[in-house]
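Asks: For reference, the chains in residue letters:
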Amino acid sequence: MTAPRDKLGRPVVVVTGMGIMTSLGAGKADNWAKLVAGESGIRTITRFPVDGLKTTMAGTVDFVSVDPFSSTALSERMAELVTQEALEQSGIGAKADFPGPLFLAVAPVEVEWPQRRELGRAVGQQDITYDDLLRISGGGKYSAYHHRFMFGSVAAYLAETFGTKGSPISLSTACASGATSIQLGVEAIRRGETDAALCVATDGTVNPEAMVRFSLLSALSTQNDPPQAASRPFSKNRDGFVMAEGAGALVLESYEAATARGAKILGVIAGCGELTDSFHRTRSSPDGKPIIGCMNKTLADAGMTPDQIDHINAHGTATPENDKMEYNTTSAVFGELLRKIPVTSNKSMVGHTISAAGAVEAIFSLLTLEHQRIPPTINYDTPDPTILFDVVGNKARDARVTAVMSNSFGFGGQNASLILTREPA
Amino acid sequence: MTDTSVSKPGQTEVWITGIGLATSLGEGLDANWAALQEKRINVDEKGFAPYIVHPLMPVSFDSQIPKKGDQRQMEAWQRIGTYAAGLALDSAGIKGNKDILSKIDMVVAAGGGERDLNVDTGILTAEAKGANAPGFLNERLMSDLRPTLFLAQLSNLLAGNIAIVHGLGGTSRTFMGEEVAGADAARIALARIASGESDIALVGGSHNGERKDLLVLYEFGDFNLKDKFAPVWARKDHPGFALGSAGAFLVLESKAHAEARGAKPFAKLSSVVADLAKRKQPGDMAATLEKLWTQLPKRDGKGAIISGATGAEPATSEERNFLKNHAEFPVRSTGTMFGHAMETQFPLGIALAALSISRGALFPPHDSTGTEIEMQGAPTQIVVVGAGHWRGEGMALVEAV
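Those sequence lines, one after another, are chains L and Y. Read in order, the letters of the first sequence correspond to residues 201 to 625 in this note's numbering. Read in order, the letters of the second sequence correspond to residues 5 to 405 in this note's numbering.
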């Protein structure tokens, strides 16, 4: 068998359990079947009225219900379900006794409109100020809302439910959050603090204000009809991303601990990297240096060279700027090799799961390694002639895949990359 | 499991080489230290009455955030943090040092979500007056929200603004989760430097306590201090926290990295530990604090405790019970002096511990209950305690170099 330590002498970190949920469905089997079949989970929003919105579709998870509804409650429930799936597959620990820390990527939590409106109604007068809201907020009637809208509430719930150890970390690196949760787990295992880590990412924030916020930044696609055709990564007629919900959970373990307990190894987190862009709040530095540096750092962390990467799971949001920047930076890193590397964007089908995307796409990358089959980028009918990726357009492609790079880029100059392999290098 | 004590073999010593403070007591180390010596507390009992807050002592943001355009892109909590982060970089002597700033690792503890109160109440008022078309909320939000407000609400955009304004190009992670997020930020940064993953890090947080939307959130749980200010330990029969505005940032650095550039330490950060007590039974939280206390490296120097107790119950009584077991340690409460700055309270506690050690004295007590006692001589070991008002417990050991 392979050495339990990597080229840099650190413990090799492997994946022994995965759970996933997207607008395509619940669980790995359902998601994978629909993903390689090129199905879209994007649909017209029915959860709330869409009158007055420029974008009326999203990749909502409508088959999970929570009561009372809030985006945070949905995020929590999805996180719980994917964690159950991951733990079941991994077989690690005992019920409610996970032997390691929790790293949770979660959307920033805030009081939401249904609750704010409930307060407004309770004020019982026509002119409402925040002083009026304050006057009626206390006394215990709304104490559940305090707990619900604490930033740490989802992590606290998961930590108690699954018995993770220590202080659970809730994190946000915007659209790179899922990748960051994995990176934190990898680092904790490499430092020898723990043999296992639970890395979870969840986002259930398709709500009116979130849609409006992204709309006002002109980030969302407005190709509402048909909704399935809205997300067009790498296409000339792409016009923005499609908001989506979903969650992913990964059980990470040191190779040594996993093999000692006879666990099935699903893949290896061979490398992680991140690099901050200080150019602009929402735009990448025009020279792409931070993204290029991020990919190079990740290769170095994995002890690999560009020729060892044989598939790229792109961030591929389908915003005009992201896809162009992603191509330019990726080609700077991979050069001539890039022509032979198949590239795909899962977001063409599941939309952009924001805080969850990095973990959702890492799981899809690991499933790609397992099945030796690359899911398609759908809606790829009019390729952007300036983006010369070998896009796996519209139909899944069988391929020999040994190492995948998965990229995530977010507002606030957040860049994070992962390299996933089947076997320890 | 969460022990990041650096007493393990092969781990490097981590120094605190920069501190940036912008608080209700003033900006910079001298102003804050002077106010502490004079037992000066800055509370506003009228502006948010009946609620009490500790407002930010006005600062000239231009000196750390020179571009007005940058200031306009932020809400107050981000301006406070970006300002304090700049002070920390100045304090460490690395402001504008491109070589170092291009690789510095940032771990920020942040809340977010600052609301536009007029938009919220405008919508609620219109609805109370009968607006009930299905798309009413959508239309009003589309027309009333400032497009850039979102960026001023996103938690990770405090780090993003710090990177833009001060030119940081290393890594950037934002932890959320109220008080303990501040402890976890320090814990992870320390672990990364101690293990050699990182050489230097900027760690901290910022909080705007002058927000009615936040008061609503905490009022749901009856956590706000009302009517009359009292020191944290004297609130047992009238519990609650007074939100405080504060930014607190630290530059943490490996000893070797600091020495190579001739930087002097305020103190060393020896250990940060954190946990999540179940808090289902009385005593749960105190037991967790006791467990964390035993996880810290040995204390045989001249010790003290800086507590971030909030004044809210039952957490404050639990913490007081824990402190009673260690009554030989003089205690100071940051909540009394600065108000409760949530995610920022723990970095603030570390900052004051390092400052006290470097200035050779603990700041004076401010308490009528006997929990805080006078201290003679210079402290060499200060334990920072940060227990959340609802969840999460953290502890750090700051020591003289």
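Hint data in this document are derived by calculation from the structure and do not stem from the laboratory. Computed from a predicted model, the values in this text were never measured in an experiment. Check before you lean on any hint, since a few could be wrong.
As the list claims (entries may be wrong) - Result set (DSBU-like, lysine-lysine): computed pairs, CA atoms no more than 30 Å apart in a straight line:
no., chain 1, residue 1, chain 2, residue 2
1, L, Lys-497, Y, Lys-232
2, Y, Lys-328, Y, Lys-232
3, L, Lys-341, Y, Lys-133
Claimed, not checked - Residues on chain Y that point at chain L, a partial pick, calculated with CB under 7 Å:
no., residue
4, Leu-33
5, Trp-37
6, Asn-122
7, Val-123
8, Gly-126
9, Thr-129
10, Leu-155
11, Asp-203
Note that the Cβ used here is the ideal one computed from N, Cα and C, for glycine as well.
Asks: Tell me the numbers of any earlier hints that the structure contravenes, in ascending order.
Replies: 1, 4, 5, 6, 7, 8 and 11
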